[in-house]
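Student: The sequence shown begins at 14 in the working numbering and counts up one residue at a time.
Think of the hints as simulated: they come from the structure by calculation, not from any bench.
All residues carry an ideal CB built from backbone N, CA and C; glycine is no exception.
Some clues are possibly wrong.
Straight-line C-alpha distance at most 27 Å; calculated DSS-like pairs for lysine-lysine [unchecked claim]:
hint : residue 1 : residue 2
1    : Lys47     : Lys89
2    : Lys72     : Lys86
3    : Lys47     : Lys24
Per label pair, the in silico range of CB-to-CB distance [to be verified]:
hint : residue 1 : residue 2 : range
4    : Ser92     : Lys24     : 27 to 37 Å
5    : Cys44     : Gly100    : 16 to 26 Å
6    : Ala62     : Arg105    : 17 to 27 Å
7    : Ala114    : Asp69     : 14 to 24 Å
8    : Lys24     : Ile112    : 15 to 25 Å
9    : Gly94     : Phe34     : 19 to 29 Å
10   : Gly115    : Ala66     : 35 to 45 Å
11   : His48     : Lys93     : 15 to 25 Å
12   : Glu113    : Lys24     : 11 to 21 Å
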Amino acid sequence: MASFDEFKATKTGEAVGAILFDHDWQVELVCLAKHGLPPAQAVGAEIAAKVGALDDTEKQHVGRWIRDILATKGFKPISKGARVAPGNLFSRAALYGRIEAGENA
């Protein structure tokens, strides 16, 4: 099982990173977070189309990466296991809320 940093250095990780660091996809992640939907839902279909299926550990790494990106945008996880829309790479993912002033992620 590859660590998070090892995953990011793989060909699959680099392809996922290209999607996650694209400005337009980051806007989508934030938009879903603001509206109480799982941000992973924004990129799941794109990752599946460009990278293919991921194993459970790789999906967890993507979730962590999304968490790290959203932390820089002022969001933190508020719950786990929310249902994701059908036809997505993920079946469940975290929900996010705003980080309040003076609060750590």
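Student: Taking the hints in turn, state whether each one holds.
Tutor: Structure-based check of each hint:
1. Lys47 with Lys89: holds, 11 Å
2. Lys72 with Lys86: Cα-Cα ~21 Å, so holds.
3. Lys47 with Lys24: It is violated: about 31 Å lies between the C-alpha atoms, which goes past 27 Å.
4. Ser92 with Lys24: 27 to 37 Å: holds, 32 Å
5. Cys44 with Gly100: 16 to 26 Å: For cysteine 44 and glycine 100 the Cβ distance comes to about 19 Å; the hint holds.
6. Ala62 with Arg105: 17 to 27 Å: For arginine 105 against alanine 62, whose Cβ atoms are near 20 Å apart, the range 17 to 27 Å holds.
7. Ala114 with Asp69: 14 to 24 Å: violated, 36 Å
8. Lys24 with Ile112: 15 to 25 Å: violated, 33 Å
9. Gly94 with Phe34: 19 to 29 Å: Once the Cβ atoms are compared, 26 Å apart, the range 19 to 29 Å for phenylalanine 34 and glycine 94 holds.
10. Gly115 with Ala66: 35 to 45 Å: Since glycine 115 and alanine 66 have Cβ atoms about 42 Å apart, the given range 35 to 45 Å holds.
11. His48 with Lys93: 15 to 25 Å: holds, 18 Å
12. Glu113 with Lys24: 11 to 21 Å: violated, 39 Å
Checked against the numbered hints given earlier, the structure breaks hints 3, 7, 8 and 12 and satisfies all the rest.
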